[in-house]
Structures are given as structure tokens and as C-alpha cells.
Amino acid sequence: MFFNIEKAKEAQKILGKLALIEPIDVDSIDVVVGLDVSYRNSNAVAAAVAYSIYEKKIVDFDVASQLVKIPYIPGLLAFREAPVMFLALKKLVTRIKRVDVIMINGHGLAHPRKCGIATHIGVVMNMPTIGVAKRLLYGKIISIGDNLAIAVEDAIVGYVVNRKGHRIYISVGHKITAEDALKIALSLWDKNSLFPEPLRLADSISREYTYRIFSSK
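In the working numbering, the protein residues as written are 1 to 217.
Hints in this document: simulated from the structure, not taken from any laboratory.
Idealized CB from N, CA, C, for every residue including glycine.
Wrong hints could be hidden among the right ones.
[Claimed, not checked] BS3-like cross-link-like pairs, simulated, lysine-lysine; straight-line CA separation at most 27 Å: (1) K17 x K175; (2) K57 x K69; (3) K13 x K191; (4) K134 x K69; (5) K140 x K57; (6) K17 x K140.
[To be verified] Quick list of simulated restraints, FRET-style, between CB atoms: (7) K90 x L194: 38 to 48 Å; (8) Y54 x F2: 27 to 37 Å; (9) E6 x S187: 35 to 45 Å; (10) F3 x G145: 34 to 44 Å; (11) S28 x E6: 37 to 47 Å; (12) K140 x R98: 17 to 27 Å; (13) K91 x F3: 23 to 33 Å.
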């Protein structure tokens with residue numbers, strides 16, 4: 001499959017300009033959907049897991065699988081993983097009554113064109129999104145009080161959280177502020193987990209279903 005990298009980058013620039021940094025009522029947030037993808041060769045399985053902050057449990061989840069033909073290219077992850085994530089997410093939202101925030105394994109505005117996968121999905125779905133990643137893709141780390149923040153072009157687009165000896169990078173996707181993204185992520189974090197609970201569960205479920213679907217193939 002031919003993949004036009006330059007056109008993909010131009011599309012990101014357009015989507016990035018549509019991204020909004022705006023406050024959200026953190027106290028009203030309940031259902032956060034985690035999105036992650038696992039692979040068996042070129043087969044991708046995405047899990048969308050709806051998790052209730054109030055009830056501290058899974059509300060519902062769904063999975064989707066797809067043959068992935070686009071290679072991994074740093075900065076262009078959305079074109080590889082977003083399509084199968086959309087499939088799982090759309091299946092899930094047909095059944096559940098509410099989704100307040102979507103949390104994605106990847107970056108948001110901490111991206112060379114301000115359009116990581118969390119921003120891509122947020123703008124397309126017109127929903128608040130948060131990116132959570134294990135590595136910094138783009139941006140400058142600066143100190144703000146006791147916190148480490150991610151700055152892009154002098155704007156604060158995320159924060160750094162230390163978990164289990166690792167730095168985890170929380171970034172604005174769409175329709176949220178860096179401070180609110182951090183508050184929501186921290187409210188969902190078990191001290192023994194590397195990722196916030198919706199993403200930990202999405203990772204676990206995507207791995208489980210990858211094995212179920214493709215182990216005999």
C-alpha cells in the first residue's frame with residue numbers, strides 16, 4: 001500500500017489547527033474511555049474500555065481488529081492505529097449512555113505538527129481527549145513549581161508523571177487543558193500501575209483478544 005507521508009503531514013497540520021485547549025469541569029467527569037492497540041504481525045486489535053471514576057469499575061468494552069498496511073512512522077502513528085481504534089470506539093458508544101473523556105495511548109499536542117493520535121481522534125470525534133505516552137516525542141520539559149511540564153512553542157501542552165521509575169507523558173489532545181488532563185489522569189492512577197486504569201485495562205484487553213483471535217491462525 002502506498003502511503004503519502006507528505007500528504008499525511010499536511011493533514012496533521014490542518015487537524016492540529018482545529019485542536020482546542022479549553023477547561024473542562026473535572027468534577028463532573030465520570031466515564032473515561034481508554035484506547036489501546038496490540039499486534040500480531042500485521043494484524044491490529046484495538047480495545048475501547050469505558051471506565052467509571054465514581055464506581056471504579058469497567059462500564060463496558062469492545063474490540064475491533066484490522067489488517068494494518070501502514071508501517072510505524074514516528075509522528076504518524078494516527079494513520080496506522082486510529083482507524084482500528086475508531087472501529088472499537090464506535091462499537092462501544094452505540095451501547096453506553098455517556099463518554100466524558102477519551103484517553104489514548106499516544107501523544108496529543110506534544111507533537112511536531114500539534115496533532116498526535118490523541119488530537120487526531122479528539123478533533124474527528126469532537127470530544128475531549130488526553131494523550132498518555134511512555135516516551136516524549138516532541139516538546140521541551142520545563143519546571144513549574146513541583147511539576148515538570150511539556151512546552152510547545154511556549155504553550156504548556158502537558159505534564160510529566162513519574163510512575164514505577166518511569167516518566168509518563170500526559171498531553172492535551174482536544175477540548176481540555178493540560179492541568180485538567182493531569183487531574184483526570186491522576187484520579188485514575190493506581191500507585192502500582194504504569195498507566196491510568198482505563199489505559200491499563202485497554203492494553204490488557206487488547207492483548208487478550210489479540211491472542212484469542214490470532215493464536216490459532
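Inset, instruction - Compare the structure with the hints numbered earlier in the document and write down the numbers of the violated ones, lowest to highest. - result: 2, 3, 5, 7, 8 and 12
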